[in-house]
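Engineer: Letter by letter, the chains look like this.
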Amino acid sequence: MTEGHQVALTVNGVPRAAHVPARRLLSDFLRHDLGLTGTHVGCEHGVCGACTVLVDGRPVRSCLLFAVSVDGASVTTVEGCCEPDGSLGPVQQAFWDCHGLQCGFCTPGFVTTITAYLEENPEPTEDEAREAIAGNLCRCTGYQNIVASVLRAADLRRGVGA
Amino acid sequence: MGEPVARREDPRLLSGQGRFLDDLGHGALAVAFVRSPHAHAKVVDIDVTGALDVDGLVAIYTYDDLAGPLAEPLPQLIPHPTLTHSRTPYALARDEVNHVGEAVVMVVAADRYLAEDACDRIRVDYDVLPPVVGIEAARAASRLVHDDVPGNIAATMVQENGDAAAAIGVAPHVLELDFAVERSASTPLEGRGVYARWDAADASLRVYSSTQASTSVRAALAAKLGLPPNRVEVVAPDVGGGFGVKIVHPWPEEVLVSWAAITLDREVKWVEDRREHFIASAHERGQAHRVRVGFDDDGRLHGLEVTFWHDNGAYTPYGIVVPIVTATQLLGPYKPGGYRVEFQSLYTNTVQVTPYRGAGRPQGCFVMERVMDAIAAELGLDRADVRERNFIRPDEMPYDHGLIFQDGRPLIYDSGDYPAGLQKLKKLVGWDEFESYRAQARAEGRRVGIGIACYVEGTGVGPYEGGWVKVETDGSVLVATGLTTQGQGHQTAFAQVAADILGVPLERVTVITGDTRRFGYAVGTFASRAMVMSGNAIAAAARTVREKALRIAGESLEADPRDLEIVGGVVQVRGVPTASIPLSTVAVLSNPLRYAFDAESARATQFAMPADPDKPPVADGDSPGLEATGFYSPPRATFANGMHAAVVETDPETAEIRILRYCVVHDCGTLVNPRIVEGQVHGGVAQGVGGALYERMAYDSDGQLLNASFMDFLMPYSTEVPTIETDHLETPSPLNPLGIKGAGEAGVIPGMAVLASAISDAEGFTVTRMPISPSELFHLRRSHEEGTSR
Amino acid sequence: MKVNGSAVLHAPRERVWAALQDPAVLVRTIPGCQQLEQVGPDSYRATVMAGVASIKGTYSGDVRLSDQAEPDSFMLHASGAGAPGTVSADVRVTLAGADDGTTRLDYDADAVVGGAIGGVGQRMLAGVAKKTAGEFFSAVDDVLTGRAELAPAVPAAVGPAGTPAAAPAVYTAPPRQRQAVPVGVVLAAVVVGALIALAGVVVGRLIAS
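Chains as they are written, first to last, in my numbering: chain L, 567 to 728; chain S, 2 to 791; chain Y, 66 to 274.
Bear in mind the hints are in silico, worked out from the structure with no lab data behind them. Incorrect hints may appear among the rest.
[Unchecked claim] EDC-like, lysine to aspartate or glutamate: derived pairs with alpha carbons at most 16 Å apart:
1. Y:K67 / S:D65
2. S:K549 / S:D599
3. S:K471 / S:D623
4. Y:K196 / S:D48
5. Y:K196 / Y:D165
6. Y:K67 / S:D386
7. Y:K67 / S:D54
8. Y:K196 / S:D54
9. S:K428 / S:D386
Turn these sequences into a full structure, and let the hints steer you where they fit.
Structural biologist: Here it is in structure tokens:
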């Protein structure tokens, strides 16, 4: 374990660094080297989306990236989607209001995906909301309430119905 | 109770503070397995030399390292007299492997990357044997999976009521039909995982496992490891979905990881990857059916004979529960006349088959509902009418089918109003108006169809569950039950039950599930039983606590307990709110103290309270503290039911299938949290859609699972699941005080049936195999046009 | 646990014997061997150290001979104890000279491993033992074929009865680099490997006598 690379980046606004082997996945880096276990691994082949984090604001599958490849980047995980005082952010609050999660395992991937999506498209229609989350798998909810959560999150971001 | 309260567990889960298995055990050693790449082979030699150079390697185990109970096959969880040839795997393959994915070598290393490096370098020599794949090959039995299991038959079982053959013999109409369902699997987003900690000084073991049955895992581990049960604790942490696959226990990995932790005196953790989940956990659904049904001009059933073949994979650790459920629940809400069902449970060289949400019901429902449609088609009758005519009437409840259910108890439906449910469904989907919609669609060149499917679900099977409730001296309430949680919102729903009965604010109630340290007697979460069983047990415990609280409060307030009520955690005289005492104080008073530790507790000390010198501080038969344990053990299962309707559109050219509408009417008795119940239904419907249109395990003739990943095993995304419209009926169960029936599996049961019904309606020919893909539909069309298939 | 194997040493039996007789050779070629002491006829005590990074362990081993059928075969009984566990082994060793001037040595060990190291799994233990034995014979072979330089080792102590004239009874190895082998396993495996190597000493003596 002596060979490796120094990775330094910003995670949820905080400078973090660690020494990791070249083949360490970003998902494992976040979870085990940085102790941020909110990001979950559902398949390790980029299909389920549970591991989605934001790299420089864009959603990526952290199971398909090596930690060394995000050296110097700014990463946001589900933990970073909370408000600065630790309370729930609008997307998280929306999920709570709409019963958008059951087991909670896939949820972090949805939260980050939707956070990024609403930045680009702050007022989606229901069809657009459904499309926006069509790359994340959920086995528990049947997606009904997740679609509702997207729309509610959009409302909360605009200060409606808080 | 009854309120769609927001879930208490959500803020933690939403902010990334969940504690799933892999979030625990940060410093533990990691485990990986060398698994068989062959479906059927003798293990000839295992050469580990290549792995020895891997940095961070700690241990390598094979079957030869196991001794005593560890070296014996894993247990048969549910023995049954007809399961004459039960076979379960060894924790590590002994001489033979019987499916791709079977564990052969276990590697322990500093982390998973290194463990996998070591696994890659271990060479196993196999003598490859020809495998048995698929029901046909298993039946033909030209080759055997297990040398000592003739015909590949694990069990043959017959159940009957009345004389089906005779009835069919004289029935005005007879149909013979064949049906088939392909394999699918639970595939929760979180796979399995085990994390074991051994305390050598204390000789005690604590195991965290992503399981649905922590209490039973504890018992199994104690037996396998030769430990006294009271030195083993098992905790189910946050679990990322189960859907049945995590009810199986003990997994080889649960046994081996625990054993390695003891042997190495280190923390050891194993977390499976997705491929392992596909090839080493469990599948379900694969069955082939042959039906003979006799009926009259009105479509009423006179006799029903069902013969089916159940693919149970390489092993039968969960007995024959799944086919027993199929055999009994196939009847649905109908009176079959004479009924005879016979099944064979067959071995194949594929992953073992154990329950997946529905647990055999979806197959049974599919068969029965296709039969109903076939009868309607044969007679030119409305499909809903035919069903209605065969319904068991509300006034015929309780209805005894004369069969034995999966819990070993008589199959007796307790309550249900099927005609009322059907009315609601027809209204919701617009059943009577559909023909005009179809005509309109046809004019536009579109092909649409409507389907319907009904089911009955036996829930709340025993033997029991328990609940413990305690009011702490600060007024907070603790609730514990032994069964487990995988997203069903137990921390909220069970809290609602307790809060309701105790009269405390919901926020003051904390619920713990699945931890043998907190509640040691339990069965598990499966068969849609959690609310029925634990809900009622917690209610019983809460009632006992309430009674005691009112008695003690009554003594303190010098009031009759019957005049007291508890509002917002305060016991008060009804109508006189000033005569009150908080529950927290009652809790203090319930425990007579010698020593005070704070101002509040001083009230319970010997000089602070008046005492009757002739009565002991703790009365005979009473106990200190405001806590109680309750159990619920019903004489038999309670039967929920539901019916679904779907409108589909099939593309005339590409045969693509789109679900335009999906309607659900379901009845699970009293609803504790309507929102949680609805969420359960939604999730089940999505799995039903998956099972009807997308999900199948693609085994080739060599027993290789070709689609062991999410890339090729297709699960529905949000775009594949339609908007689900629901309506409820509540016919409470007379079997338990809360009137609850289960809801966990409701959504998935009729999925294949209703979509097959709708697609058949759209196409004009019947669909008899599920799942169905556009290309299969395309070919089915062709063969019907050419007249080459029935 | 069974461990067996063989090695070809590229020298005729006389030279093999001489090398195996020489404690200076042995203390350097037995993996991890720090000290070698004759404590009686056909009886030796070895001190071996092994470890990975900062985790090291020292243990002692005793060897004695029996069933000597010179010059073909003999039995060797070994036992060793250290912090991570204990090993005892019965090793059967056979020697055969070949026409091309090489010597073939076969060993067949039946070992019982106890304590914590016993927990790493039989195949891993056996694998490391064989590997270690292989390293030993390879190191001896390097000496025989001149590939390895050999400086005299330092006599550490006076022999029994304080007579410096006796053959050096205790030899200490200079510090050497230890190749990374899994923690804990090495300690047990090396005992077996070292004890097998010690058999070589005995072999040499047998052939010499």
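Engineer: Check whether the Cα positions of K196 of chain Y and D165 of chain Y lie no farther apart than 16 Å.
Structural biologist: 26 Å, violated
Engineer: Taking 16 Å as the top limit, are the C-alpha atoms of K549 of chain S and D599 of chain S close enough?
Structural biologist: 24 Å, violated
Engineer: Hint check: K428 of chain S vs D386 of chain S, CA-CA at most 16 Å. Holds or violated?
Structural biologist: It holds: about 14 Å lies between the C-alpha atoms, which stays within 16 Å.
Engineer: Keeping to a limit of 16 Å between CA atoms, is the pair of K196 of chain Y and D48 of chain S held or broken?
Structural biologist: 13 Å, holds
Engineer: Hint check: K67 of chain Y vs D54 of chain S, CA-CA at most 16 Å. Holds or violated?
Structural biologist: Not OK: K67 of chain Y and D54 of chain S at ~21 Å, beyond 16 Å, violated.
Engineer: For the pair supplied as a hint, K471 of chain S and D623 of chain S, confirm whether the alpha-carbon distance does not exceed 16 Å.
Structural biologist: 15 Å, holds
Engineer: Tell me if the straight-line CA distance from K67 of chain Y to D65 of chain S falls inside 16 Å.
Structural biologist: 12 Å, holds
Engineer: Regarding the pair K196 of chain Y and D54 of chain S, is the alpha-carbon distance no greater than 16 Å?
Structural biologist: 10 Å, holds
Engineer: Does K67 of chain Y pair with D386 of chain S here, judged by a C-alpha cut-off of 16 Å?
Structural biologist: Roughly 75 Å separates the two Cα atoms, so the pair is violated.
The structure fails to meet hints 2, 5, 6 and 7 from the earlier list, while all remaining hints are met.
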